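Chemist: Chain residues, written in single-letter form:
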Amino acid sequence: MKFRILNDEGVDRFRVYLAGSASEGEAPPRHLLSRENTSQNYKKDIFLQVGKKFSNKNNFGEYLVRVFDEFGVSRHEVIKDRNFWASVILFYFEQFAPLDENGFRKIAKDEKDANEKFLKYIPKRVSNQGEGLFFRHLALGPYQISEYNRDTKNKADVLLSGKINVWGDDIEQTAGRVEVISNKNLIEVIRMLYWDSSKGTLKKGFSSKGRPGNLLRLVGDLRNQVKLTKDWYSMDAEEIYDSLPPEYDDWKINS
Amino acid sequence: MTTRAFNYTGRKLIPSDCIHATLNGDNSSPPELELIFDLNSVDSLIDLPNDAEIFVDLSYRYSYMRFCWGVIEKPNPPDDLKLYELDSNSIASLHIRVVKDGNLLAQSNKLTLTTNQNTNTGNKNLIDLVYRDLGETPWLLEISQTETIPILVINEKWAQKLLSSGFKFEDDPVALNLIMPQVLRGVLTSILSETNDAGSVYYDDTSTWKGDWIRYARILNKEDLPESDEIETNLSVEMNRWIDKTVDLYCKEKKITTSLVEFMKGGIV
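If you're matching them up, the sequences are chains A and B in order.
Going from the first sequence to this note's numbering is simple: count from 1 and add 1078.
Going from the second sequence to this note's numbering is simple: count from 1 and add 267.
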């Protein structure tokens, strides 16, 4: 189906739905994407597959990278477009906010944010010049991470293995740091330590704060300490892996 | 209070004054970096190994680019210095690093580059002044996340009393001198609490009050905003220190205490 994007009026109406009947299980207002007063054609033709199912964020991010490539849409064209990303969410809304067994939806809401309470679904503008959108968006986040890692062997699957309707604190702590998300060697180290290839998931306890050598310590305290004397960007994954302190030995044994 | 920083890492600091960097572009396409530096001319760096590699790192929010700049003995800038990979056409953070075998031997402080070199805030109004009955509260600062600029609300009873004494509130040096440093602190804290890189995000934002305030603060305090990619709910110690310094510089520029003392003596500076 040809992808259309919501205009400001459409985004406002989508927000009203999120604030009201969405949690009661009402079907998403997908008609907003076809009506002329609430949406418009995108400047380039993009066709998204209706009803396509995504098993995880990686699957979704890779799909968007592939489709945008096919239709000649670059990362720079779309990453600052709030309405574009709200429209992607609406297009696949049932997967971003699935019905539970009682027929309700859990709608993530940030009451403290005066700018955008539904920023998992409608990206928050962090500058009116359009210099950036809030990263913790359920569609923009996976797309950006997939795009940054498009040329790597494993395409950041370690960061995007979870369900597409979840953006947890562990991924936020990892992908939300420029010196982590931009360092492909470090992402590969994360994979070497915490990825269970047989299951295609992260190992149990990878983000448990009480466990030595956990992921949050690797990308937080340890990295901050190491970067005073080492340059992880110029070290390949094996070099970083070999230089880790003994607290990571248990994870290495099990890798 | 004097604070001393100790560097036990052996890492050298590449002084900012030996780096001349500009970002050229019209904000509609990736900007081009213009960068000149000569590490061999800096006395403190003369013992860097000849074969140590020089890297120029640029980042904007979650995007990053690295240029390999040759080695100390023979710097070799790339031909193409367009910042294709950054997610901004107008702003970038720059670090120069010298590395050998993964060891970081020297590093510059972060430099924030923008295509818009004019840092003046112009004559834009940074704050609105309104009067309202606030009960026993003398004043308060209202900051909205919408487009309106911050509002300084003054208790109308106070303002009226001043007026009856022949003063308009905005001309009363005591009142303003006591309030404005806290207003500056409140506004900066609010903006910088939004995201961990709000300072750089808003630096070239000429269309909102937040950009105006950040640029005004940077005119007062030339020191770069503390670098942090931590995800924190509260402002970092370094960020609070930066705000403290900015407020202190504001007070110095306005000679706040001198003005108050002189006023008490019967004259106004």
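The set of hints was computed from the structure by calculation and includes no laboratory data.
Bear in mind that the values here come from a model prediction, so they are computed numbers and not experimental data.
Keep in mind that a hint or two might mislead.
Unchecked claim - Below, simulated DMTMM-like cross-link-like pairs (lysine to aspartate or glutamate); rule was C-alpha separation at most 25 Å, straight line:
| # | chain 1 | residue 1 | chain 2 | residue 2 |
| --- | --- | --- | --- | --- |
| 1 | B | 349 | A | 1257 |
| 2 | A | 1305 | B | 368 |
| 3 | B | 489 | B | 515 |
| 4 | A | 1308 | B | 352 |
| 5 | A | 1262 | B | 320 |
| 6 | A | 1330 | B | 368 |
| 7 | B | 341 | B | 305 |
| 8 | A | 1262 | A | 1250 |
| 9 | A | 1308 | B | 310 |
| 10 | A | 1305 | B | 490 |
| 11 | A | 1195 | A | 1229 |
| 12 | A | 1305 | A | 1325 |
| 13 | A | 1308 | B | 515 |
| 14 | A | 1195 | B | 515 |
| 15 | B | 279 | A | 1299 |
| 16 | B | 367 | A | 1257 |
| 17 | B | 349 | A | 1299 |
| 18 | A | 1305 | B | 515 |
| 19 | B | 377 | A | 1250 |
| 20 | A | 1121 | A | 1178 |
Chemist: Each hint should be assessed against the structure and marked as holding or not.
Modeler: Results of checking the hints against the structure:
| no. | hint | result |
| --- | --- | --- |
| 1 | B:349 / A:1257 | 21 Å, holds |
| 2 | A:1305 / B:368 | 14 Å, holds |
| 3 | B:489 / B:515 | 13 Å, holds |
| 4 | A:1308 / B:352 | 24 Å, holds |
| 5 | A:1262 / B:320 | 20 Å, holds |
| 6 | A:1330 / B:368 | 23 Å, holds |
| 7 | B:341 / B:305 | 11 Å, holds |
| 8 | A:1262 / A:1250 | 17 Å, holds |
| 9 | A:1308 / B:310 | 23 Å, holds |
| 10 | A:1305 / B:490 | 22 Å, holds |
| 11 | A:1195 / A:1229 | 34 Å, violated |
| 12 | A:1305 / A:1325 | 18 Å, holds |
| 13 | A:1308 / B:515 | 35 Å, violated |
| 14 | A:1195 / B:515 | 35 Å, violated |
| 15 | B:279 / A:1299 | 22 Å, holds |
| 16 | B:367 / A:1257 | 19 Å, holds |
| 17 | B:349 / A:1299 | 33 Å, violated |
| 18 | A:1305 / B:515 | 31 Å, violated |
| 19 | B:377 / A:1250 | 24 Å, holds |
| 20 | A:1121 / A:1178 | 36 Å, violated |
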